[in-house]
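*Asks:* Counting from 63, one number per residue, gives the positions in the sequence shown under our numbering.
The set of hints was computed from the structure by calculation and includes no laboratory data.
Be careful, since some hints might not be right.
As the list claims (entries may be wrong) - Think about it this way: if two alpha-carbon atoms lie no more than 25 Å apart in a straight line, the pair counts; the simulated DMTMM-like pairs of lysine to aspartate or glutamate are: (1) K283 / E269; (2) K355 / E179; (3) K89 / E305; (4) K283 / E204; (5) K283 / E310; (6) K199 / D150; (7) K355 / E204; (8) K214 / D168; (9) K180 / D168; (10) K355 / D150.
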Amino acid sequence: MVRLLKRFLVLAPWGVLVASLIGFAGKYSRWFDHFSNFRVQYLLLSMALLVYFLVKKQRAGMAISFVSLLLNAWLVVNWFDTSRRNSDLKADFRIFHANVLFKNLDYLPVTKQIQEEKPDFISINEATPAFINHFRKALAEEYPYTFYVVAKNNTKVLVGSRTPFVVDSVASFGVKGVLKLTTLVKGKPLIIIACHAYNPLVLADFEMRNEQLKQMARLVKKQINPTLVVGDLNITPWSAFYEDFIVESGLINCRQGFGLNPTWPSWFFPMWIPIDHCLINNQLETADFRVGKYNKSDHLPVIIDLRFIDSSTSSGR
63 MVRLLKRFLV LAPWGVLVAS LIGFAGKYSR WFDHFSNFRV QYLLLSMALL
113 VYFLVKKQRA GMAISFVSLL LNAWLVVNWF DTSRRNSDLK ADFRIFHANV
163 LFKNLDYLPV TKQIQEEKPD FISINEATPA FINHFRKALA EEYPYTFYVV
213 AKNNTKVLVG SRTPFVVDSV ASFGVKGVLK LTTLVKGKPL IIIACHAYNP
263 LVLADFEMRN EQLKQMARLV KKQINPTLVV GDLNITPWSA FYEDFIVESG
313 LINCRQGFGL NPTWPSWFFP MWIPIDHCLI NNQLETADFR VGKYNKSDHL
363 PVIIDLRFID SSTSSGR
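Make a model of the complete structure from these sequences and hints.
*Replies:* Right, here's the structure in full:
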């Protein structure tokens with residue numbers, strides 16, 4: 063047993079390094095793209111292995127672990143920046159997003175979270191007809207305006223709002239799982255694109271997720287008003303397809319400056335990755351981004367406070 067453990071530790075640095083390098087080849091295979099998701103885990107493993115080989119004074123293991131550590135630190139260090147937390151910026155509106163897990167039949171935790179957070183807009187992924195009925199009954203007074211589109215496996219992308227909105231039917235039914243609407247906040251137009259991207263485990267769903275990202279980038283580029291994208295996008299910031307989406311859309315991830323804030327899987331923190339996102343164009347600014355408490359879903363919810371970029375003095379949050 064001890065001999066097997068020693069052999070494993072000798073091979074482990076090579077495994078971490080190879081996995082780290084494979085993550086850069088995501089454009090060539092969906093399986094390679096999956097390897098890009100776990101940059102934080104590679105970083106932590108590299109640190110642990112480096113310490114082990116330093117103690118053992120094994121130079122080869124130290125060198126390989128150090129290369130892996132530098133490689134992954136270079137990619138993830140900016141996402142640990144928390145310099146914008148506890149800022150004095152006043153928000154004009156709040157977004158609450160949650161993937162509620164279609165198998166979860168206990169709707170009270172997420173309902174309670176919504177009531178406590180008092181968002182202006184709500185984005186729900188994996189909503190079922192039963193959840194939608196519950197939502198419309200329990201929160202009808204606060205959120206009288208709702209709309210949904212069909213996503214994967216006949217689940218819904220549901221949006222709830224305090225203010226009236228107009229749905230872009232062409233955009234919302236052009237690609238499955240994408241909903242685009244326009245509303246007014248403090249007299250200013252706001253474009254919201256809510257999405258539940260396909261889980262890219264099988265090839266068809268991998269291609270559909272990438273098409274959803276391309277469609278949203280096209281929609282964002284056409285907008286002249288403040289615009290945001292919110293949802294479970296089933297992608298991390300280290301994927302090559304995420305990078306393409308950011309370049310094409312010009313959007314900014316709201317979690318920047320507020321820490322990594324991983325959201326999935328809620329039940330197993332060693333594998334936590336950030337796949338639930340809110341992204342904004344240059345006419346909006348993030349006042350706060352944080353992850354909510356566990357609500358019996360496999361995803362943690364996110365709460366985002368946003369302000370219009372020219373809103374120098376706001377009486378909002």
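*Asks:* Which constraints among the numbered hints does this structure fail? Numbers only, ascending.
*Replies:* Result: hints 4, 6 break, sorted rising.
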